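Protein chains in written order, with our numbering: chain P, 1 to 716; chain Y, 1001 to 1151.
Simulated from the structure, these hints should not be mistaken for lab results. Quantities reported herein were computed from a predicted structural model and do not represent experimental measurements. Be aware that one or more of the hints could be misleading.
Which stretches of chain Y does chain P cover? Using the computed rule of at least three CB atoms under 8 Å from a CB of chain P, they are [what the hints assert, rightly or not]:
no., segment
1, 1008-1022
2, 1035-1047
3, 1073-1087
4, 1142-1149
Residues of chain P placed beyond 10 Å of chain Y at every Cβ, according to the derived structure [unchecked claim]:
no., residue
5, GLN69
6, ALA138
7, ILE161
8, ARG166
9, ALA171
10, GLY207
11, SER251
12, ARG313
13, PRO381
14, GLU490
15, ARG567
16, GLY598
17, GLY627
18, PHE652
19, ARG659
Think of the CB as a built atom: it goes at the ideal place given N, C-alpha and C, for glycine as much as any other residue.
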Amino acid sequence: MPTTSRRDFLKLTAAAAAGGGLMLALNLRASVFTSDDLASGATFAPNAFLRVDRTGNVTFIVPYVEMGQGTYTSIPMLIAEELEVDVDRVVIEHAPPNEKLYINPLFGLQATGGSTAIRASWEPMRQAGATARTMLVAAAAKEWMVASDTCHAENGSVVHIASGRRLGYGALADAAATLPVPTKVALKAPDDFKLIGTPHKRLDTPGKLDGSTKFGIDARLPGMKYAVVAISPTFGGRLVSVDEAQVKAVSGVTQVIRMEDAVAVIGIHTFAAKQGLAASNPVWAAGPNRHLSTADIAAQLAAAASQPGVVVRHDGDAAATIAKAASTFEAVYEQPFLAHAAMEPMNCTVHVTKTGCDVWVGTQVAARAQDIVAKVTGLAPAQVRVHNQLLGGGFGRRLEVDGIERAARIATQVDGPVSVLWTREEDIQHDMYRPYYYDRLNAGLDARGKPTGWVHRFAGSSVLARFAPVAVQNGVDPDAIEGVAPPPYELDDIHVEWLAHEPPGIPTAFWRGVGSTRGTFVVESFIDELAQRAKQDPLAFRLDLLPKNSRAAAVLQLAADRSGWERALPAGRGRGIALCTGFGSFIAQVVEVTVTEGEVKVTRVVCATDCGMIVNPDTVRAQMEGGIVFGLSAALFGEITLKDGRVEQSNFHDYRVLRINESPAIEVHLVRSSEAPGGIGEPGCSCVMPALTNAVFAATGKRVRKLPVANQLASA
Amino acid sequence: MTALLVNDTTHRVEVSPEMPLLWVLRDVLGMTGTKFGCGMALCGACTIHLDGQPVRSCVMPVAAAVGKKITTIEAIGATPAGRKIQQAWAALDVPQCGYCQSGQIMSASALLAATPNPSDADIDGAMSGNLCRCGTYPRIRAAIKRAAQEA
């Protein structure tokens, strides 16, 4: 085994694959969020595998999951580009759980999230493809006894140019496996790309049109039983009693399982289990949070935001600049708890036997799933087989393993496989929520209204401190401060301070757009307010604070141009603009709204996106469209509130999300770029929230500083 | 025993008459293409056709389906409208996660069968009961119009 150089983020080794063919093992080196010891294993530990088999088919085993974001199409495109094969010949297999092997280089753990998949795989996957191609060409050259540079690869074959001889990859794979792995391979220049940057149909579409695609909820096993659960409606509550006789009287119920904080009913089908649960009449001890309300949490955060916290940015002397400024302005913004409400409710199917355990679930964190099930069952991790399924939406919810842990606890008491399903009500009332954030900003302004000093204090949960503590260094949570420390604007005197404050009772987690959705809302709202006070055009005001010719300035200008920014709108209509920089991408959006008697109708969203080099343009468009709809749902209606320690919302009637008749026309304009690829899953969502509220202001003169919009306009 | 005609095949199931058709399809017949989303006819993920009409199977007692023709996502491609809708969905790469798409396609197929050239208002009316969290609405609208043009 060769040792790794810590500078290499990709190491390759070749071996004959089981069943013949060429196998390349890759090491996607950990980099950004990880500590050195995670990343610098002394021996070569591969964490992804590229196999070319004797039929010329290519299999790539990756640690990322498909949850709608198109990764299972983009990654084959990266490999196929360099390997010179048809994309359709590249089959993706999801990696089995192994935290050590399948580390996401941007996270330091096996996870899909944070818009990292393409950012983390861009270089290594192309290098893997190029390395395999180089070895296959060398194998052909050796066979023909010609120099390698007289041969080239095309469409799954190697061709000797002079003689026209040709051998398919399948015929060369065994021989290639015996050759040394080249230490350096040249990657194509962007101008030579044939696949990257060209729209490609998603490889996972066909099964999603006829019901044949299997999600976690679709696991069906011989003898399988069905479980539904009711968890204590009050956070931190305990189950006191349950009417077992009533439950067991329900036809089809096979078992009642009491848990400390929940009751589960098992039946021969979901209906029996649901009927049983409805008859269970659980009595709960409400526990320490029984008087907790959202207002209490908001008050705690408001208090926390005025306490000394961690200084996350300090340039110049903002306090002094504000003290001597021509004028000052202060604003407070509040953003509510949000549920994920993925269309596929939480579920997990588990079969525990004496010698092992099988788990069928769609998860963004397969290795954590394996670990928690091992812990619950007392088995060794290697005895737990996680069969990862396609995800019916992730949005951060499936980065958590609480549902898997609960399913495993239930399964240890059930004979045979059991599918544990959360009703929509459980899914919404026992989510792990996007945290409530409270932000106060102060600016000192010069005579023209331009900010000279900027002080931003805010408080909220540190999700990362719980989720991946290694990523929080010196008390600074890079997620919590995304987009605000510093904001994208040029500010010489800036002070940003945040206080991690965990709310009692309610669990918090990542949510699409992560920290950026909160930070972008605050900064882009505040900047818009400053522009208004300066009586300047919001676009011109922003451009004046951005470096000339910057990518940020360019997307703002592009979005404005395409939206017809200069054209006046009639009364009751308005246009708002916002900028989001993050995940290595630059997004600007212009939202148009019509407001009639407090009802906001979003009519149009124009989105300009510079996400660097684009792998699959249609996927970028889809992610922008999706992010915009997701963000609009949240900004317009989204709010989880607590009363008496319970979540008040329960289903789509009171946790409202956008419907097609409320969905705007969306135009996405992509910037051609040779910069490294940026993330696309989240920034579209982050950008649209302030663009919306800025548009509402333009239409009504009403500034929404506390989301969601619907509440603010209703109370206006 | 209850006899159900699902996708032109008769199935005999022993279930209580009030059991929602959704669970009969998914848990008794093992036809998992029809999805559970909300249980209250709020999201449309469970949409099937009963004699060609779109209904939410999560609130439809199985007794109400007896003697009627049940069509699910697994067989919608055999109908002219369903086939066109699936083709348009593929051409525009509508699905993202795909979970809601069974219901979307069932609602859209019923719309197209009844209204071969639907207006935006027709699309809003027929499709506003089908939620999508991935935000595929712009493509759904475009795909329905494309399918109508193929007619």
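Flag every earlier hint the structure violates by its number, smallest first. 4, 5, 10, 11, 17, 18, 19
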